[in-house]
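Enquirer: In case you want the letters, here they are:
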Amino acid sequence: MDSIIAENISKTYGTVKALKEVSLTVQKGELFGLIGADGAGKTTLFRILASLILPDAGKASVEGLDPVSDYRRLRCITGYMPGRFSLYGDLTVEENIRFYATVFGTTLEAGRVLIDDIYKQLEPFRNRAASRLSGGMKQKLALCCALIHSPSVLFLDEPTTGVDPVSRREFWLVLKHLRESGMTVMVSTPYMEEAGQCGRIAFIKEGSILYSETPGRIVESFGETLYAVSSDRMHTLLDDVRSFTGIKYCYSFGDSHHFVVDESFSGEKALAGYLAGIGYGNITVKKIQPTMEDCYMKLSLR
Amino acid sequence: MGSRVTFVKKEFFHILRDKRTMLILIIMPIVEIILFGFAISVEIQGINIAVVTSDMGETVRKIEEKIDANPYFKIAGTFYSQDEALKMMRVGKIDMILRFPSGLDRKILSSNHERKSVLSASPVRIIVDASNPNTAVTEQMYLKNVLMSCFSGEGAVAAYGITSGISFETSAVTPEETVRGTSAVASSGTASGMIGGTPAGTSGVASIGHEGNVVPDIRLMYNPGMQSSYNFVPGIMGMIMIIICAMMTSVSIVREKENGTMEVLLVSPVKPLTVIISKMIPYFVISSINLAVILLLAKFVLAVPLSGSLFWTCAISMVYIILSLALGMLISTLVKTQAAAMLSSAMLLLLPVIMLSGMIFPIESEPHFFQWISMTVPARWYISAMRKLMVEGQQLSAVLPELGILSGMAVLLISVALFNLKSRLE
Numbered sequence: 001m002d003s004i005i006a007e008n009i010s011k012t013y014g015t016v017k018a019l020k021e022v023s024l025t026v027q028k029g030e031l032f033g034l035i036g037a038d039g040a041g042k043t044t045l046f047r048i049l050a051s052l053i054l055p056d057a058g059k060a061s062v063e064g065l066d067p068v069s070d071y072r073r074l075r076c077i078t079g080y081m082p083g084r085f086s087l088y089g090d091l092t093v094e095e096n097i098r099f100y101a102t103v104f105g106t107t108l109e110a111g112r113v114l115i116d117d118i119y120k121q122l123e124p125f126r127n128r129a130a131s132r133l134s135g136g137m138k139q140k141l142a143l144c145c146a147l148i149h150s151p152s153v154l155f156l157d158e159p160t161t162g163v164d165p166v167s168r169r170e171f172w173l174v175l176k177h178l179r180e181s182g183m184t185v186m187v188s189t190p191y192m193e194e195a196g197q198c199g200r201i202a203f204i205k206e207g208s209i210l211y212s213e214t215p216g217r218i219v220e221s222f223g224e225t226l227y228a229v230s231s232d233r234m235h236t237l238l239d240d241v242r243s244f245t246g247i248k249y250c251y252s253f254g255d256s257h258h259f260v261v262d263e264s265f266s267g268e269k270a271l272a273g274y275l276a277g278i279g280y281g282n283i284t285v286k287k288i289q290p291t292m293e294d295c296y297m298k299l300s301l302r
Numbered sequence: 001m002g003s004r005v006t007f008v009k010k011e012f013f014h015i016l017r018d019k020r021t022m023l024i025l026i027i028m029p030i031v032e033i034i035l036f037g038f039a040i041s042v043e044i045q046g047i048n049i050a051v052v053t054s055d056m057g058e059t060v061r062k063i064e065e066k067i068d069a070n071p072y073f074k075i076a077g078t079f080y081s082q083d084e085a086l087k088m089m090r091v092g093k094i095d096m097i098l099r100f101p102s103g104l105d106r107k108i109l110s111s112n113h114e115r116k117s118v119l120s121a122s123p124v125r126i127i128v129d130a131s132n133p134n135t136a137v138t139e140q141m142y143l144k145n146v147l148m149s150c151f152s153g154e155g156a157v158a159a160y161g162i163t164s165g166i167s168f169e170t171s172a173v174t175p176e177e178t179v180r181g182t183s184a185v186a187s188s189g190t191a192s193g194m195i196g197g198t199p200a201g202t203s204g205v206a207s208i209g210h211e212g213n214v215v216p217d218i219r220l221m222y223n224p225g226m227q228s229s230y231n232f233v234p235g236i237m238g239m240i241m242i243i244i245c246a247m248m249t250s251v252s253i254v255r256e257k258e259n260g261t262m263e264v265l266l267v268s269p270v271k272p273l274t275v276i277i278s279k280m281i282p283y284f285v286i287s288s289i290n291l292a293v294i295l296l297l298a299k300f301v302l303a304v305p306l307s308g309s310l311f312w313t314c315a316i317s318m319v320y321i322i323l324s325l326a327l328g329m330l331i332s333t334l335v336k337t338q339a340a341a342m343l344s345s346a347m348l349l350l351l352p353v354i355m356l357s358g359m360i361f362p363i364e365s366e367p368h369f370f371q372w373i374s375m376t377v378p379a380r381w382y383i384s385a386m387r388k389l390m391v392e393g394q395q396l397s398a399v400l401p402e403l404g405i406l407s408g409m410a411v412l413l414i415s416v417a418l419f420n421l422k423s424r425l426e
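If you read the protein sequences in the order shown, they are chains V and Y.
Be aware that the first sequence starts at 1, since it is given in this note's numbering, and climbs by one per residue.
Be aware that the second sequence starts at 1, since it is given in this note's numbering, and climbs by one per residue.
A portion of the hints provided could be inaccurate.
Away from chain V, derived, C-beta distances all over 12 Å, residues of chain Y [to be verified]:
no. : residue
1   : SER3
2   : VAL5
3   : MET88
4   : GLU256
5   : LEU265
6   : TRP312
7   : ILE363
8   : ILE405
9   : ARG424
Straight-line Cα separation of at most 35 Å, DSBU-like style, residue types lysine-lysine; simulated pairs [said to hold, decoys possible]:
no. : chain 1 : residue 1 : chain 2 : residue 2
10  : V       : LYS205    : Y       : LYS299
11  : Y       : LYS299    : V       : LYS17
12  : V       : LYS205    : Y       : LYS336
13  : Y       : LYS257    : V       : LYS59
14  : V       : LYS20     : Y       : LYS257
15  : V       : LYS176    : V       : LYS120
16  : V       : LYS28     : Y       : LYS66
17  : V       : LYS269    : V       : LYS176
Simulated from the structure, these hints should not be mistaken for laboratory data.
If you're wondering where the values come from, they're calculated on a predicted model, not measured in any experiment.
The C-beta atom is built at its ideal place from N, Cα and C for all residues, glycine as well.
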C-alpha cells in the first residue's frame, strides 16, 4: 500500500524551477531516501508533502490525506524535522521535548516508548540548553521532538548533514529501528554512501527525479565497465584521460578519477602506457565495482 | 488548553532567559519617564540675575530679597553700572540684568503723594540674554511676575504705600548685541516701553496699570504650578507602551521564523490563534507591570496627581497595550527578519507618535492634513484620555470617545493580524 504519493508536482520560485513534474510513491513502512546535491529540490519537495508550502501544479497524498486541503488532519499524523536545527536554543532538552509533546497533544511519558533509545542518550543532558548540545545530540533531540507524537509518516530533511560519522551511523540505526515499527520514513541526504541504508532511493537533480529503485538494483543496473585511475598529477589527468580513445566519460571521485569506457577502449595497460608517455608517474588503473555515487553520476550525466 | 499554558510558559522562559531584552523591557520605561518627566522640563530654574543700582535703597533691598527667595532665581551679584553687569552676561555668568533707576525710594514716596506720577522717566529695566528666545521670554515673564507681586501685594502697599504706577522697560539681548554696548540695549529697550505690549507679560500687567483698567484674573486649571511633567507623563506613557509592545511582540514572532521554529510549529496541529494569544500574554503581563511602575513613578516621584479614576486609567491603558501588541503581531506577519521587525516598529511608530500624538506638539497647531493623519495614530487618543483622567481628573464619560476609538482600533488590528497570519510558510 502506498503511504506517500506525489504526482507531477511542480514548484517555481520566481524564475527558478525548484521542482519539475516530480512523481514518486513511497510504500507504507518503507525507509525511502531522497538523494541529491544541495539545491536539487529536496527541501521543497519535503515542505510540499509536509503541507508547509503549496505546489504550483500536481497532486500529493500522504496517508490518503491531501497536504493542500486536508492539512489540519495531516499535521496530526506526520512528523517533520527540518534541515536546519529548529528547536528553541534557550530551552533545555527536556523543555523542548515537553513543549513539542504538548503542542502535538501528548506527553513525554506517553510518547516515550518510541523515542526511548534516543532519549536515554539525551537524558544526561536533559537540563542543558539545546543550543549548547553537540551537532549529533541536536539532531537526536530534533528527532525526539519529531517523533514524540508517534507519527505514521516521518519526514527527515537532511538529518545527518553536519554530523560526525559515528553519530551518523547511530542515526541510521535509529531510522532502521523505526522502520521496523511500521513507520513510513522519508529521508533526504546529500551523502551517496548513506543511500545504501535506505530500502528504496530516488535520485533528484535540478528539480527532477532521475531514477527511483532499491539501492541494490541501482548498482546492479549500472551495466557499464568502470575503471579508477590515479597518478602523481591528478589535476591535468582528468582532461588527458578524457582525450583517450574509448572513454565515454570521466569524473573525479575523491582521490582518484572514475571513467566509463565503450568497446573501442584498448585496455587499462594501453591507457597506463599512454599516460606514462606524456609524463605521468605513479600511475594506477584498475577495474572497479560501481558504487551508488557512480550510479548517480551516470544518471546525472545522461 | 494544556497546550496554551505550556506555550505561555515557554514564552516566559524566552523572555526571562534573555537578560538583555528583560532589562530593556523593565528599565527603558523607567528611564524614559524619569528623563522626560524630570530632566527635560520646560520650566526654567536657577536663573542667574544681576541687579544694577547706583544707590542701594530700602526698596531695592526688599526686591532683591524677594527675588532671591524665589526658587527660580538666584542673585548673582549687585553692580553699580550696567556695563559691569553686561560684561558678566557676555561671559555667560548671568542670564538677566535688573536695573533700577536711582533714587527709587524717594520717587516711590513722592509718587504716593502725587498719585498719578509714574517712573517712566527712568524705568526699571530688564535685560535678558535672548540667545535662546524661548527661555528668554519665560525668564522675563517670571521676573515681571515677581516684581508685580512686590509692588502690588498687600505687604508692598503697606510698606511702600504703592497704589499705582511703575513701568518696566524690557530688552532682550543676545550676547553679540551686548558686545556692541549699551546703545544697542537702549534702542531695543525703547521699543518695549510699557510691558503691556509684550505678550508674555499679559498676566499681571493690567493689575498695576492706572486705575479703571480691566484687570484679568488668571487661574491655571488642573496644573496650577505649570509642571511640565503633568504634560509629559501621559505622552511618555503613550509612546513607551506602543513601542515596547509592538517591537517586542513583532520581534518574538519573527525570531521564530528566523530560527526555523515556526516551520516546526506550523507542521504541528497548533492553531495560529493559539500561537498569537500565547505570544501576547507574557508581553501583556510585562506591560502591565510597566504600567504599574510608570503610574507609581508618576504619582510619587513626579507628583502627577492621578486625580481621575485609577480603575479606568488602568483599563484604558490595558486596551492600549492590547492594541499595541496586536500592532506588533501585524508587523510580524509582514516582515521576515528580526532586524526588519525592529526597524519597522521603531520607524513606523516613533515619528508619528512623537509628532502626531500631541505628546510634545499640540495637534491643533498642525496643518489640517497632519491633523487628519493624527486621527489614525492610536497614541493620540490614548494620550488625550490619559491627560483627561490623570491630570484633569475627569469622569469616564469624558474619555468614552477615546476608549471607543482605542477599542475599535484594537479589534481591527487583531483581525487584520489574524487574517494575515498564514498556516503555511509563504
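Enquirer: Run every hint past the structure and note whether it holds.
Expert: Each hint, compared with the structure:
1. SER3: 5 Å, violated
2. VAL5: Answer for Y:VAL5: violated, closest chain V Cβ roughly 8 Å.
3. MET88: The claim stands: Y:MET88 keeps its Cβ more than 12 Å from every Cβ of chain V (closest is about 61 Å).
4. GLU256: At roughly 9 Å from the nearest Cβ of chain V, Y:GLU256 sits no farther out than 12 Å, so the non-interface label is violated.
5. LEU265: Violated: least Cβ distance 7 Å, not greater than 12 Å.
6. TRP312: 38 Å, holds
7. ILE363: 43 Å, holds
8. ILE405: Non-interface label on Y:ILE405 holds, nearest chain V Cβ at 37 Å vs cutoff 12 Å.
9. ARG424: At roughly 6 Å from the nearest Cβ of chain V, Y:ARG424 sits no farther out than 12 Å, so the non-interface label is violated.
10. V:LYS205 / Y:LYS299: 69 Å, violated
11. Y:LYS299 / V:LYS17: Violated, because 63 Å separates the two Cα atoms, which is more than 35 Å.
12. V:LYS205 / Y:LYS336: 29 Å, holds
13. Y:LYS257 / V:LYS59: 27 Å, holds
14. V:LYS20 / Y:LYS257: Roughly 27 Å between the alpha carbons, so the hint for V:LYS20 and Y:LYS257 holds.
15. V:LYS176 / V:LYS120: 18 Å, holds
16. V:LYS28 / Y:LYS66: Not satisfied, since the Cα-Cα distance of roughly 97 Å exceeds 35 Å.
17. V:LYS269 / V:LYS176: Given pair V:LYS269, V:LYS176 is violated - Cα atoms ~44 Å apart, limit 35 Å.
Hints 1, 2, 4, 5, 9, 10, 11, 16 and 17 from the earlier list are contradicted by this structure; the remaining hints agree with it.
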